[in-house]
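There are 2 protein chains.
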Amino acid sequence: MLETIEWMTDSRGDFVRMIDQRLLPAQQVFVDCRTYVEVADAIKTMVIRGAPAIGVAAAMGVALGVQHNADFETVCQTLAATRPTAVNLFWAIDRMRKLHALLTTAEHATAARLINQEHATGARLVNEAQQIRLDDINICKAIGRHGAALVPDGKTVLTHCNAGALATAGYGTALGVIRAAIESGKNIDVFADETRPFLQGARLTAWELQQDGIPTTVITDNMAGHFLQSGRIGCVVVGADRIASNGDVANKIGTYSVAVLAKENGVPFYVAAPVSTFDLTLHSGDQIPIEQRPREEVTHVFGVPIAPENIGVQNPAFDVTPARYISAIICENGVARAPFKQSLAVLALKASLAKV
Amino acid sequence: MLETIEWMTDSRGDFVRMIDQRLLPAQQVFVDCRTYVEVADAIKTMVIRGAPAIGVAAAMGVALGVQHNADFETVCQTLAATRPTAVNLFWAIDRMRKLHALLTTAEHATAARLINQEHATGARLVNEAQQIRLDDINICKAIGRHGAALVPDGKTVLTHCNAGALATAGYGTALGVIRAAIESGKNIDVFADETRPFLQGARLTAWELQQDGIPTTVITDNMAGHFLQSGRIGCVVVGADRIASNGDVANKIGTYSVAVLAKENGVPFYVAAPVSTFDLTLHSGDQIPIEQRPREEVTHVFGVPIAPENIGVQNPAFDVTPARYISAIICENGVARAPFKQSLAVLALKASLAKV
Numbered sequence: 001m002l003e004t005i006e007w008m009t010d011s012r013g014d015f016v017r018m019i020d021q022r023l024l025p026a027q028q029v030f031v032d033c034r035t036y037v038e039v040a041d042a043i044k045t046m047v048i049r050g051a052p053a054i055g056v057a058a059a060m061g062v063a064l065g066v067q068h069n070a071d072f073e074t075v076c077q078t079l080a081a082t083r084p085t086a087v088n089l090f091w092a093i094d095r096m097r098k099l100h101a102l103l104t105t106a107e108h109a110t111a112a113r114l115i116n117q118e119h120a121t122g123a124r125l126v127n128e129a130q131q132i133r134l135d136d137i138n139i140c141k142a143i144g145r146h147g148a149a150l151v152p153d154g155k156t157v158l159t160h161c162n163a164g165a166l167a168t169a170g171y172g173t174a175l176g177v178i179r180a181a182i183e184s185g186k187n188i189d190v191f192a193d194e195t196r197p198f199l200q201g202a203r204l205t206a207w208e209l210q211q212d213g214i215p216t217t218v219i220t221d222n223m224a225g226h227f228l229q230s231g232r233i234g235c236v237v238v239g240a241d242r243i244a245s246n247g248d249v250a251n252k253i254g255t256y257s258v259a260v261l262a263k264e265n266g267v268p269f270y271v272a273a274p275v276s277t278f279d280l281t282l283h284s285g286d287q288i289p290i291e292q293r294p295r296e297e298v299t300h301v302f303g304v305p306i307a308p309e310n311i312g313v314q315n316p317a318f319d320v321t322p323a324r325y326i327s328a329i330i331c332e333n334g335v336a337r338a339p340f341k342q343s344l345a346v347l348a349l350k351a352s353l354a355k356v
Numbered sequence: 001m002l003e004t005i006e007w008m009t010d011s012r013g014d015f016v017r018m019i020d021q022r023l024l025p026a027q028q029v030f031v032d033c034r035t036y037v038e039v040a041d042a043i044k045t046m047v048i049r050g051a052p053a054i055g056v057a058a059a060m061g062v063a064l065g066v067q068h069n070a071d072f073e074t075v076c077q078t079l080a081a082t083r084p085t086a087v088n089l090f091w092a093i094d095r096m097r098k099l100h101a102l103l104t105t106a107e108h109a110t111a112a113r114l115i116n117q118e119h120a121t122g123a124r125l126v127n128e129a130q131q132i133r134l135d136d137i138n139i140c141k142a143i144g145r146h147g148a149a150l151v152p153d154g155k156t157v158l159t160h161c162n163a164g165a166l167a168t169a170g171y172g173t174a175l176g177v178i179r180a181a182i183e184s185g186k187n188i189d190v191f192a193d194e195t196r197p198f199l200q201g202a203r204l205t206a207w208e209l210q211q212d213g214i215p216t217t218v219i220t221d222n223m224a225g226h227f228l229q230s231g232r233i234g235c236v237v238v239g240a241d242r243i244a245s246n247g248d249v250a251n252k253i254g255t256y257s258v259a260v261l262a263k264e265n266g267v268p269f270y271v272a273a274p275v276s277t278f279d280l281t282l283h284s285g286d287q288i289p290i291e292q293r294p295r296e297e298v299t300h301v302f303g304v305p306i307a308p309e310n311i312g313v314q315n316p317a318f319d320v321t322p323a324r325y326i327s328a329i330i331c332e333n334g335v336a337r338a339p340f341k342q343s344l345a346v347l348a349l350k351a352s353l354a355k356v
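From first to last, the protein sequence lines stand for chains B and H. 1 is the number of the first residue of the first sequence in the working numbering; add one for each residue after it. 1 is the number of the first residue of the second sequence in the working numbering; add one for each residue after it.
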């Protein structure tokens, strides 16, 4: 399996290497970002995507900016302005910001002056970014362990978009649950919604699972209802870009539709995401900003026009699934069920305590 | 507006001209079919599609076959074997078959011998096929008149696939309702689901409505739920490929999902189709055969691969929407509401009586 994102060093210095997710699976091309601006561009243009993965990328971007003595606030603001919906981005920048603040206090400065402080701050932030990446892989494994038990044996799992190794530092959230279910001996196969317009399901999920030898079937998004109605789907598992305190979930456009269709057909609908995706400052999903992406993503497929010129287009990249459609939210600390206000708060607290 | 299908004559004889719907809107290419086999191929490969339009094409195919003295049963069976779901195809072939049987009875034969019977039979069947085409345009206009009143003013109409002029001999069924609502002075705009895999919404509906100056926005199929949830959609109007006696409707894959999402959000869901789409011999939609189309329609867009090689694919071309999700079925004889068993039977009877 290719790495989604790595911190690397060569004779020219440190850089961040990402697999270009716009070109998969037809081409396997790596993009090397040597400045924080290049990292920001890579996030914005979706060289890298997926809430946990862009969190890792943003942290690495901050580290590059500090290494190059760029203005710290400018670095953070530039990276934060790339994409508005996934809260992991802001969470990761915030984690880097807190460490930076600590390292640049007067007390630290005094102590560090003796051991070349500038270098120490940069190195500590590089370490922190790499730690966020390593943490994410372990978090995905824990999500997988908690989720595996929920997956019905002998049936098909439906997933939407790509919440896999490519959307994280590795293993995946929703696909982590699928991988863990298979590792635990369950006999399942996967239906992957192609997930227009960016085709993360057809291009990324299908490719990832095929590489792991997991039987996978690509369907167009509008077939999901038909197969949920058919009885062959045992459960739905998806990722998340932001989860409000009441359990409303922002995720890739189309998630809401799948959730409604799952409920209508009595199929459990699971969300798999790290605690860093929780935004407990929000009362409900209505407060989550929804990114609008360029019209060309809808009107063109790999540069080929599929609609008349000058036609109206809408391209919201995410939608909000109200908590009442969600059977459970699986995170690294366990499984939250309704009422989510309490269960999410408990699992988030568990996360803080674990760090102490 | 280009004609979907026409009967034409040149120095080489009669032929059927169709606009190639696989290439629209980028290219406007006509396909001329000079034999019934060419018509059958055009239906199978979706040069022409849409339940009423393929009914007209099949009738014209029968007429070409008779003109060329092909075995009548072979002609009918070849055309009937092209696509399994839309009942209009079988209805049109049956209408041609009944006239052919009448024209070839002993009594007719005796009378016709005096006036060159072979020529008379062929000409009468050509007339019948052309009449089916003309009838279809008038039927669409009547559907539009009945449906226009149901469309809420000042809101957006959502449609799926293409049930427009291109799916019929002209004017359209679902798009006929939209056109008639606008002609009646209503201020509406249209959201068109792109309708993967064949993209009838993005390519055909968007193009048709743009030509008529009707404000149209293309969305991916998985955005429909988000906009139904948003409150801007006043109603959904779609076509149909076959309607069972209990009101269950087979239509383009994805229709079921839109219907469930409309009901969940309190948005009326209307089906617009001619009586020739009714199949009152079926108790329910479970009995409707669902066509499986080639995998390449899902894995490639205009020849460009969008999924890994050898990945599993499903490609059901239609789904069945249970009657409980349908607010009303609009046909040329009026508007049917639940219980559909009675209302559809009454409207179908009205159709038979109108012909007497």
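One thing to keep in mind: the hints can contain errors.
Cross-link-like lysine-lysine pairs, in silico, BS3-like; alpha carbons within 30 angstroms at most [claimed, not checked]:
no.	chain 1	residue 1	chain 2	residue 2
1	B	Lys341	H	Lys263
2	H	Lys341	B	Lys263
3	H	Lys98	H	Lys341
4	B	Lys341	B	Lys263
5	H	Lys44	H	Lys141
6	H	Lys141	H	Lys98
7	B	Lys263	H	Lys155
8	B	Lys155	H	Lys263
9	H	Lys263	B	Lys263
10	H	Lys141	H	Lys263
11	B	Lys155	B	Lys263
12	B	Lys98	B	Lys141
13	H	Lys141	H	Lys341
14	B	Lys141	B	Lys341
In short, the hints are calculated from the structure, not lab data.
Taking the hints in turn, this is what the structure says about them:
Annotation: proposed proximity of Lys341(B) to Lys263(H) holds, straight-line Cα distance about 28 angstroms (limit 30 angstroms). With a CA separation close to 28 angstroms, the supplied pair Lys341(H) and Lys263(B) stays within the 30 angstroms bound. Note on Lys98(H) and Lys341(H): the hinted pairing holds, with a Cα-Cα distance of about 27 angstroms set against a maximum of 30 angstroms. Straight-line distance between C-alpha atoms of Lys341(B) and Lys263(B) comes to about 21 angstroms, which keeps the hinted pair within the 30 angstroms bound.
The hinted pair formed by Lys44(H) and Lys141(H) meets the criterion: a straight-line CA distance of about 27 angstroms does not exceed 30 angstroms. Of the pairs offered as hints, the one joining Lys141(H) and Lys98(H) holds, with about 26 angstroms between alpha carbons and a cut-off of 30 angstroms not exceeded. The hinted pair formed by Lys263(B) and Lys155(H) meets the criterion: a straight-line CA distance of about 28 angstroms does not exceed 30 angstroms. Between the alpha carbons of Lys155(B) and Lys263(H) the distance comes to roughly 28 angstroms, so the proposed pair stays at or under 30 angstroms and holds.
For a cut-off of 30 angstroms, the pair hint linking Lys263(H) to Lys263(B) stands: about 13 angstroms separates their Cα positions. At most 30 angstroms may separate the alpha-carbon atoms for a hinted pair to count; Lys141(H) and Lys263(H) meet this at roughly 27 angstroms. Annotation: proposed proximity of Lys155(B) to Lys263(B) holds, straight-line Cα distance about 17 angstroms (limit 30 angstroms). Proximity of Lys98(B) to Lys141(B) is assessed by CA-CA distance (about 26 angstroms); at most 30 angstroms being required, the pair is judged to hold.
Note on Lys141(H) and Lys341(H): the hinted pairing holds, with a Cα-Cα distance of about 25 angstroms set against a maximum of 30 angstroms. The straight-line distance between the Cα atoms of Lys141(B) and Lys341(B) is roughly 25 angstroms, inside the 30 angstroms bound, and the hint therefore holds.
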